[in-house]
Every structure is written in C-alpha cells, then in structure tokens.
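Enquirer: Sequence:
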Amino acid sequence: MQTGLPFEEIYHAHKDMVYNLCLNFLQNPQDAEEVTQDVFVKVHEKQASFREQSSLKTWVYRIAVNQCLDALKARKRQKRFGFFTNIFGHENTVEREIPDFNHPGVQLEQREALEALYRRIDALPDNQKTAIILKYLDELPQKEIADIMQISVKAVESLLMRGKQNLEKK
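Residue numbers (my numbering): 4 to 173.
Worth flagging that the hints you see were computed from the coordinates, not collected in a lab. Glycine included, every Cβ here is placed at the ideal spot set by N, Cα and C. All clues given are correct.
In silico EDC-like links for lysine to aspartate or glutamate, alpha-carbon gap of 20 Å or less:
#1 Lys49 / Glu12
#2 Lys49 / Glu11
#3 Lys167 / Asp141
#4 Lys167 / Asp129
#5 Lys167 / Asp125
Pairwise CB distance ranges (calculated):
#6 Gln168 / Lys18: 29 to 37 Å
#7 Val44 / Lys79: 18 to 26 Å
#8 Pro9 / Gln40: 13 to 21 Å
#9 Ala119 / Pro32: 19 to 27 Å
#10 Gln168 / His15: 37 to 45 Å
#11 Pro144 / Lys18: 17 to 25 Å
#12 Gln33 / Lys146: 29 to 37 Å
#13 Arg114 / Pro9: 35 to 43 Å
#14 Phe10 / Gln168: 37 to 45 Å
#15 Glu55 / Arg114: 38 to 46 Å
#16 Gln153 / Lys18: 19 to 27 Å
Taking the hints into account, I'd like the entire structure generated from these sequences.
Expert: Structure representation (structure tokens):
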C-alpha cells in the first residue's frame with residue numbers, strides 16, 4: 004500500500020469523491036450508494052496489491068469507474084430482460100430516473116435540459132462517457148483522466164473531442 008494508510012482512512016478520504024462519481028454515472032442515488040459500497044469492498048480486497056504506479060486517488064478512481072461501468076452494463080442487461088418479460092405480461096421493467104440532487108449551477112427550470120443531456124451522455128460509448136464525466140462533471144485534469152483510464156493524454160483529448168461531437172449530433 005502506498006502510504007500504509009488504514010482502510011478506514013482511505014474510505015473517509017475518498018468516499019464523497021467516489022459517491023459523486025457514481026452518481027454522475029448512474030444518475031440514481033440508491034444505485035450510487037450501492038456501487039460506492041462495492042468500490043470500497045474492492046479497494047479493501049485489493050489494497051495489498053496497490054503498487055504505487057499511480058496516486059492512491061487515481062487508483063480509487065479507476066476502481067470506481069470500472070464498478071460504475073459494470074453497473075451500467077448490468078442495468079442494460081436487466082432492462083433487456085425487463086423488456087422481454089414485459090412483452091409476455093410481466094411488469095419487471097427497470098426505469099432509469101434522473102435524481103433530485105443539487106448539482107452545481109443547475110436550477111429547477113433547467114431540469115428537462117439536464118435530463119436530456121444525461122440521456123445523451125448515457126448513450127455515448129463507455130470510453131467517451133467516462134472521459135466526459137471525469138472532465139466536465141468531476142472537473143479532473145486530462146493527465147489524471149489519462150492515468151485513471153490507463154491511456155495517453157492525446158487519447159483523452161480525442162475521446163473528449165469525439166464525445167462532444169457525438170453529444171452535439173444527438
């Protein structure tokens with residue numbers, strides 16, 4: 004472990020950052036809480052394997068991003084299952100809700116525009132979605148995004164450019 008910090012200190016130092024990231028990805032407070040717990044279970048399990056090739060924060064972010072992407076994939080599978088069961092008379096569909104949370108700069112009358120933006124972000128390929136969320140919602144520098152995503156800074160720039168182009172198209 005990089006600093007030999009006890010797990011409890013790692014948790015308290017990063018829990019808000021991880022929850023906010025999960026909320027940005029998942030757009031549902033309950034799902035964000037659940038995935039945040041999953042992230043810290045994974046951090047605890049993998050704590051001994053941390054190799055200091057990146058900062059502790061970057062390592063935790065990488066785990067959180069991967070857990071969020073896994074949760075989104077699981078949600079999509081569940082939605083497909085819900086769609087098919089609904090066709091056959093069952094009502095097990097999974098609804099995605101835009102949460103009621105105080106996001107900086109967002110006012111009530113902008114809710115509809117925000118919902119549309121989140122739907123467009125959600126429709127992006129995973130790598131573009133990750134870069135957009137980390138850059139514009141979590142306000143991370145491109146170098147840190149590159150470390151988290153384990154790609155070059157140029158690749159991050161490319162993902163951001165393509166992501167913005169795709170958002171403008173939709």
